[in-house]
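Engineer: Construct the complete structure from the given sequences, taking the supplied hints into account.
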Amino acid sequence: MVSALPFDVIADPSTELQRLFDQDSSDSFPARVADHFSSIFADPIVFDKIPPVDLNNPPESFKDRALIRFRAMVQDTSASPEMYLAEAGGHKYGGWGVVYDAPDEIDYDNLRECSVFWAVSIPGESDWIHEGQAQPISSAQAPSQPHKYPHPNIAHVGIQLKIYNPSVAETLKSTDTATFVGLITSEPRDLDTHASDAVPTLHVLFHRPHPITILPYTFPLPSPRESISGLRRELIEWIAREALADDIDAAEWVLLCCLARVQSRTPPILPPSLTLSRFPSPPTPSLCTPVLCAVITHLFPAVTLLPLSLGTINDSCFMPESREEDLHSGWLQLPRGSICLVTESGVTEGDINEKGVLNLRATQEIMTHQVLDYVFPYSSFKFETDIAWIVLSEGHKSAFFQTHISIPLKMTNEISDTGVKERLFKPKDEITLPPQDKLEMFRSLVGGAKIGLVGVSEDAAEFIQEDFVEERRTSNIASTSASKPHSKITADDLIRRMTMAKLLALSLHETEVTVDIWNRMKELDARRTSRLD
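Heads up: the sequence shown begins at -19 in our numbering, then just goes up one per residue.
In case anyone wonders, no lab produced these hints; they're calculated from the structure.
Wrong hints could be hidden among the right ones.
[Unchecked claim] Here are the simulated BS3-like pairs of lysine-lysine, each with C-alpha atoms no more than 30 Å apart in a straight line:
#1 Lys406 with Lys390
#2 Lys408 with Lys418
#3 Lys128 with Lys408
#4 Lys390 with Lys408
#5 Lys390 with Lys401
#6 Lys377 with Lys408
#7 Lys43 with Lys72
#8 Lys468 with Lys377
#9 Lys390 with Lys418
#10 Lys362 with Lys502
It should be emphasised that the depicted structure is a prediction, and the values quoted were computed from it without experimental measurement.
Structural biologist: Here it is, written out as structure tokens:
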């Protein structure tokens, strides 16, 4: 039998808060609130009954103090905390947006502190993430505080969060993603400024942090090894056919780099960035977005397109910047697990100003070190990131960035240049999607691979060491005797191959790099380097 309590709480959350306060009004009340309400909605089916806030259901569409959930990215944690009365007259609870007449005298022992954050719709979130709801539509209502969202001119929801549980507030940081559940109200952005505009405000009861994939996945999949290998092959073929003019190797490199995430900070094991060079320019100004972006979006939960142009580079903000004690967002303030696809075809001749240089430098620093500067008056602070990067370049290398890996797009001679461009830049509604059950299998494959952990088998470790020593010896001999310069095998080559071999193992849902996987990676890398000659 289904309990009526969750539905009663959805209908009247304030009464349940007061009932809980009557049982326990100690200093641990905020933590008790989080535990209590979280347990009520522990069942995922019941949790989904909580009305969501999104573009279809904006904050202003709910009655005051309604119970809602908001899947969001924390954008700003720098606002000053606020004070509230822990207990009001008549043994009523304080906080959580409740308004009482101020007492004649303030009992300072009765004051508590709540943290004030700003959260936004998850940047780059794919439409299919929306739990079977109707796809988001553009809201007629302008978003509150639009400067606090990374993507200019994209419809989104922004909400002020008030968090009463100190242990929760201490763990949340910028770009964390979670679903926040609480009471929605409308309050001034700054209580100290009477002229401050009212903004949607969520008084958080509890929250559920998201994994890097936003939705939960399993690694390794319980399917037979041959079945997973076949599914992986189908996925690569689909990416190649729909987005890369049938270039199977390029599709495999794209897939592997999309699966990458930060494995370790010390020592640094970071996502390898990829340049897909010799990528044609758009056929027309109206079709300037490569279909690769839409194809990746069908597979991964958070994908951002960064279309470089002189205007974007020189005039927009890439780094978050604090202005008048308010953190403005930037293009690069993205949640961990994001994939960022950079296009360079929109850049024309012209000068890059000082701001543009800083923007490009910030992008390069994320690619290389996975950190992003947040700019404050007289100082800046580095925040950790976890973003996979793919750069599309018309030339033989990126005009602006040094990536870990580069592979030229190889197009078949059977298709004209015009035909290739039309395939690479076709509208997203012309993508031939696999059946829905197959698409879900693709997502389970990449989602599980994104969270998986992989080691190196003993046999493989010994083989790789001996293989590298032999290859390095052969390379040195070839370099000495060759009539033209011959690149030597270095330790960096070993590190890159090992990183990619682990990604190859993850894509197969294998928990170890084997000798076979190592050899497959070497062959894939050899085919790539042969294109560079």
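Engineer: Compare the structure with the hints numbered earlier in the document and write down the numbers of the violated ones, lowest to highest.
Structural biologist: 10
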